[in-house]
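Take the position in the sequence shown, starting the count at 1, then add 847; the result is the number in the working numbering.
Some hints here could point you the wrong way.
[What the hints assert, rightly or not] Label pairs and their computed distance ranges (CB to CB):
| # | residue 1 | residue 2 | range |
| --- | --- | --- | --- |
| 1 | Asp-897 | Tyr-868 | 28 to 34 Å |
| 2 | Lys-854 | Gly-878 | 16 to 22 Å |
| 3 | Thr-896 | Asn-852 | 15 to 21 Å |
| 4 | Leu-886 | Leu-853 | 29 to 35 Å |
| 5 | Lys-854 | Ile-904 | 35 to 41 Å |
| 6 | Tyr-885 | Lys-854 | 27 to 33 Å |
| 7 | Gly-906 | Leu-857 | 21 to 27 Å |
| 8 | Glu-856 | Trp-907 | 36 to 42 Å |
| 9 | Lys-854 | Lys-908 | 18 to 24 Å |
| 10 | Arg-900 | Gly-855 | 19 to 25 Å |
In short, the hints are calculated from the structure, not lab data. As the structure is a computational prediction, the values presented were derived from the model and not from experiment. By construction, the Cβ of each residue, glycine as well, lies at the ideal position given by its N, Cα and C atoms.
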Amino acid sequence: MRLYNLKGELLKSVQTRPGSYPLGIAVARCGDLIYADYLEGSLNIVKNTDTQRVIPIQGWKACGVKL
Numbered sequence: 848m849r850l851y852n853l854k855g856e857l858l859k860s861v862q863t864r865p866g867s868y869p870l871g872i873a874v875a876r877c878g879d880l881i882y883a884d885y886l887e888g889s890l891n892i893v894k895n896t897d898t899q900r901v902i903p904i905q906g907w908k909a910c911g912v913k914l
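Start from the sequences, fold in the hints, and give me the full structure.
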């Protein structure tokens with residue numbers, strides 16, 4: 848995933864896990880990136896460049912994030 852400013856300049860790039868399908872991308876107040884991974888069925892938080900799988904959802908497909 849890539850973050851661009853309004854001028855189209857690349858500010859930050861984060862590599863997602865291989866085979867992931869990020870949906871429902873949001874930014875927390877602290878600046879962390881939060882996204883739902885549809886294929887893994889999980890909620891993930893990206894701090895700097897480290898991705899943490901926070902909530903594995905078994906039997907469901909995550910398709911959004913609401914803060």
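Hints violated by the structure (numbers, ascending): As far as the earlier hints go, 1, 7, 9 and 10 are violated by this structure, in ascending order.
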